[in-house]
Every structure is written in structure tokens, then in C-alpha cells.
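Residue-level listing of the chains:
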Amino acid sequence: MPSYFDLSRQVAIVTGGSQGIGLTLAKSLASVGAQIVVVNRRAPEGEAAAQGIKQEGGSAISIPADISQKKSVEEMVGKTLKRYGRIDILVNNAGVIVRKPAEETEEKDWDLTMGINLKGLFFCCQVVGKQMIKQKKGKIINLSSVAATFGLKNRAPYNASKAGVSQLTKSLALEWAKYGINVNAIGPGIIRTALNEAYIDSDPEKKRKMIQKIPLGRFGKPEDLSGIVIFLASPASDYLTGQTIYVDGGYSIGCLDW
Amino acid sequence: MPGIKIDLNEKVAIVTGARRGIGRAIALAITAAGGQVVVNDLDLEEVEKVAEEIKRKGGESLAYQADVSVKEQVQGMVEAAWKKFGHIDILINNASILRATPFLDTTEEDWDATLSTNLKGTFLCAQSVARKMITQRRGNGKIINVASNAGKVPRTNNAAYCAAKAGVILLTRVLALELARYGITANALCPGATETEMLVKVQAKDDPQVLEGIIRGNLENFRAGIPLGRLAKPEEQASMVVYLASEMANHITGQTFFVDGGQTMV
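Respectively, the protein sequence lines represent chains A and B.
Heads up: the first sequence begins at 0 in numbering that gives the first Met the number 0, then just goes up one per residue.
Heads up: the second sequence begins at 0 in numbering that gives the first Met the number 0, then just goes up one per residue.
Just so you know, these hints were derived from the structure itself, not from any lab.
Among these hints, one or two may not hold up.
[Said to hold, decoys possible] Here are the simulated DSSO-like cross-link-like pairs (lysine-lysine), alpha carbons at most 30 Å apart as the crow flies:
hint: 1; chain 1: A; residue 1: K220; chain 2: B; residue 2: K131
hint: 2; chain 1: A; residue 1: K169; chain 2: B; residue 2: K151
hint: 3; chain 1: A; residue 1: K81; chain 2: A; residue 2: K136
hint: 4; chain 1: B; residue 1: K4; chain 2: A; residue 2: K136
hint: 5; chain 1: B; residue 1: K232; chain 2: A; residue 2: K169
hint: 6; chain 1: B; residue 1: K131; chain 2: B; residue 2: K4
hint: 7; chain 1: B; residue 1: K4; chain 2: A; residue 2: K220
hint: 8; chain 1: B; residue 1: K151; chain 2: A; residue 2: K212
hint: 9; chain 1: B; residue 1: K204; chain 2: A; residue 2: K129
hint: 10; chain 1: B; residue 1: K204; chain 2: A; residue 2: K177
hint: 11; chain 1: B; residue 1: K4; chain 2: A; residue 2: K212
hint: 12; chain 1: A; residue 1: K78; chain 2: A; residue 2: K152
hint: 13; chain 1: A; residue 1: K212; chain 2: B; residue 2: K232
hint: 14; chain 1: A; residue 1: K177; chain 2: B; residue 2: K232
hint: 15; chain 1: B; residue 1: K54; chain 2: B; residue 2: K200
[To be verified] Covered stretches of chain B, going by a simulated chain A footprint (3 or more residues, C-beta under 8 Å):
hint: 16; segment: 26-33
hint: 17; segment: 167-180
hint: 18; segment: 232-241
hint: 19; segment: 246-257
Don't be surprised by glycine CBs; every beta carbon is placed ideally from N, CA and C.
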């Protein structure tokens with residue numbers, strides 16, 4: 000393995016790390032040596048995820064938190080620093096999606112989505128960022144989406160929150176470049192996980208049409224994001240900042256139909 | 000990690016324009032990651048030095064002289080690579096020229112030379128190598144075109160270069176669409192200001208003040224400063240290429256990667 004992909008002894012917080020894409024990202028970072036802090040709301044699931052990472056030979060602990068509450072974020076970061084004394088990598092993965100037509104979206108759907116996807120992400124960046132500024136070094140990786148620039152139907156608050164994530168990524172990259180902190184985002188395409196497979200498989204005709212829009216001809220797997228999170232967390236990406244990297248089988252290339 | 004190869008063992012790459020700068024760093028990084036490489040350049044004597052350096056470090060390479068803008072020479076290079084290594088997994092279209100001249104002073108010869116090497120060369124190499132990749136049926140072919148952030152954001156005094164690099168970016172997306180069915184991905188790297196002879200000698204004319212201007216923002220030469228406050232090292236472009244060339248990036252195609260210290264956040 001090229002040494003610049005090595006994350007030995009680096010401390011990485013992964014929010015929403017107990018399942019789906021977040022758990023795969025946590026395992027990926029652990030596989031190249033990072034010590035993982037799994038952050039999620041429910042303690043038993045976070046503990047199970049940490050155990051799973053350890054069983055695969057990695058290092059992990061679970062610290063439960065509700066990232067939509069700043070106080071909870073501060074407690075989580077405090078506990079992390081008490082345990083490890085530093086934070087090298089922050090993966091802001093926690094996110095929710097409410098699938099409804101725009102005209103049926105309720106205020107609570109909007110608040111829930113923005114509270115976790117955007118406000119929660121911002122305060123995780125801010126609280127961890129203060130520590131990274133002291134360290135004069137850090138890697139922040141935000142989970143955005145192809146929905147940040149492409150319209151996807153029936154998820155208006157989600158799309159708006161992800162556009163916010165990509166723009167926030169640029170703002171923080173600009174402000175914190177002088178402290179040696181890289182801030183980038185991953186923009187997954189349609190990734191088939193245990194959380195959405197029932198939805199994807201519910202309508203075979205719709206599923207076929209979705210695949211048609213993906214040049215590589217398949218949905219993504221959580222493992223398709225393993226490489227990019229390692230790259231963005233590692234010294235290999237030291238000169239990359241403010242970018243959203245789309246890992247989407249080519250969905251975002253865009254193509255005029257002929 | 001869940002079943003993904005992080006190195007380039009058993010991969011064969013062609014790197015065009017490999018005698019110095021970013022191309023040289025890419026060739027060295029690919030071999031350091033376990034790959035074998037054809038190092039191409041117009042200047043055989045200089046690129047042979049890179050091949051020797053790779054050999055000293057325990058890697059394997061083939062130095063090959065070809066002008067990427069001449070179809071017969073490109074085909075000769077691809078056949079030589081095929082004959083020597085038996086397959087081609089990775090193509091890095093890096094060969095490129097830069098002539099810093101104001102738009103009004105740019106000659107037809109400047110335009111033709113720049114477009115031939117930077118755009119037509121990318122087309123010819125990609126087509127020739129893609130055909131081989133399709134024939135060999137190994138899957139996971141990777142084409143990485145070295146464009147520039149000047150292909151997205153304009154610079155003064157670089158008209159032909161900017162137009163060619165913008166062409167490389169869109170060509171990359173078309174390749175990604177048309178070659179996806181063969182399991183070949185195509186992505187573009189957009190370096191920002193990097194510590195190379197091309198930048199230091201041609202763009203900055205060896206003037207430390209101009210270099211400083213590039214970093215801090217200088218309307219005479221560049222529109223924006225560099226948030227990270229320094230030039231890139233060629234190795235920092237090469238590490239992006241190694242990532243994109245590896246199986247870690249199998250689901251990424253048609254994308255443009257700005258490794259420019261935050262200069263172009265678009």
C-alpha cells in the first residue's frame with residue numbers, strides 16, 4: 000500500500016457510523032489503521048458497530064450523541080478528546096431523508112432534515128474544527144449527494160440540505176485553509192443499502208429507469224465509497240480542498256438525449 | 000477493507016509527457032504503488048533518465064518516444080506497450096504544452112501546436128488505448144486525462160491552453176459515457192499551480208514575485224489566490240492519479256478533480 004494512504008493511529012469521528020454507508024466508511028478507515036469513534040443516537044447500535052469493527056481487526060469506540068443538538072455535539076467531542084487527546088478526521092455522514100411530494104412536506108419534515116443534515120453537520124464541523132485549528136491539521140469529509148446539484152423528485156428538503164452541505168464545504172475550506180484543514184465532500188449517487196433497498200425494489204419499472212441513468216449500469220454499493228473516504232482522509236489529498244467528489248457511476252456527467 | 004485493492008500491483012500504465020514535472024511524478028508514483036509503466040515523451044534521452052530512476056527504485060518501465068499528436072506514433076507506442084507487458088490497464092494523458100502569450104499576440108502556430116498536443120493528443124491516445132482495453136477484456140480500464148483548473152476558470156495570456164483544457168474536460172465526460180459499457184472509466188485531473196518547470200519557467204518567467212503573485216492572487220496572471228497558500232508539489236498531483244487509477248475509484252467516472260489548494264471551488 001502506498002504510504003500516503005496510511006492512517007495508522009489517526010483518530011476519526013464518523014457520525015451516523017452504526018449502519019449503512021457510515022458503518023462501511025468507518026470500517027474502511029479502520030482497515031488502514033484509523034481509530035474510529037462511532038457516533039449515533041442509539042447506544043446499543045453504536046456499541047454493536049464498534050464491536051463489529053474490532054472483530055475485523057480495527058480499533059473503535061462508540062460515543063452516542065444527537066448531533067442536531069449543539070450541546071450533545073460538544074459532549075461527544077469532549078469525550079473523544081478525553082480519550083484520545085486529538086481528532087484527525089471528521090466524517091459527517093449522519094443524515095436523514097423524508098420522501099414526500101413537495102406539496103405534502105410538513106414543517107416537521109423540513110426541520111428534521113435540516114436539523115440533522117445541515118445544522119448538525121455545521122456544528123460538528125465547528126466544534127471539531129476548533130480542535131483542528133489548535134492542531135494546525137485536520138481532514139473534514141462531509142457527505143453530500145448528487146442531489147446537491149441535480150434535481151431528484153420527492154425529497155425537496157433533502158436536496159436543499161445537500162446543496163447546503165456542498166456550499167458549506169467550500170466556505171469552511173476557504174476559512175480554514177490557513178490552519179492546514181482540508182474540507183471536502185463526497186457526493187454519492189444512488190447507493191443501494193439495507194436502508195433503501197425496499198424502496199428501490201418496490202417498483203421494478205422505476206428501478207430499470209433509475210439504472211438507465213447510470214452510465215456504469217448499476218447502483219452503487221457502500222463499498223464503492225471506501226476508496227474515496229480513505230483518499231480524502233489521507234495525506235494523498237493534502238492539496239485538495241473545497242471539492243465535492245461525485246461517486247455515482249457517472250450519473251452526474253449529464254447527457255443530452257439524442 | 001471490504002474487498003478493494005488499494006495498490007496497483009499487476010497494472011500496466013502508459014504515462015505521456017513523462018520526462019519531468021507532473022508526468023514524471025505520476026510515473027514514479029505508479030511504479031511505487033506496484034504498477035508497470037510506459038514512460039512516453041518527445042525527448043527520449045530525458046525520459047530514459049526517468050526509466051533509469053524507476054529501475055533504481057526496483058520498478059519496471061519502458062521508455063518510448065512518440066509525438067502524441069501523430070496517430071501513427073501513438074499506435075506504435077500502444078503496440079510496443081502491448082508487446083512488452085501483454086495488457087494496458089491505465090492511460091494517463093499528461094503530455095501538454097503551455098505558451099504564455101497575450102490573446103492578441105497568439106499566432107496561428109501557437110494555437111495549432113497547443114491544440115494538437117493538449118487536445119488532439121488526448122483524443123488519439125484515448126481512442127487507441129481504449130480499443131486495446133476493450134479487446135483485452137480485463138475490465139476496470141482507467142483513463143485519466145490531465146487537464147487544468149484553467150480548463151474551468153479563465154486565465155489571461157493562456158487562451159489556447161485554456162480552450163484546449165476545457166476541451167479535455169468535456170472530452171473526458173463523453174469518453175466516460177461511451178466507454179462505461181466496457182467497464183472503462185474516464186476522469187480528468189485539474190492541477191492548479193504546481194512546482195514544475197512549466198509553471199516556474201514559462202508562466203512565472205523565473206520571477207519569484209510573479210510566483211508569489213500566483214499564490215496570493217494576482218490579476219495580471221491569475222484571477223484568484225490559492226487558499227492553502229502554496230504551490231502544489233508534483234507528488235500531490237500524482238497521489239490523486241494513483242487513487243483514480245486504483246480499484247478504489249471503480250465507481251467514479253466522468254468527473255473532474257481540482258487539486259489546486261482550493262483555488263477553483265466550482
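*Sort out which numbered hints this structure fails and list those numbers smallest first.*
9, 12, 13
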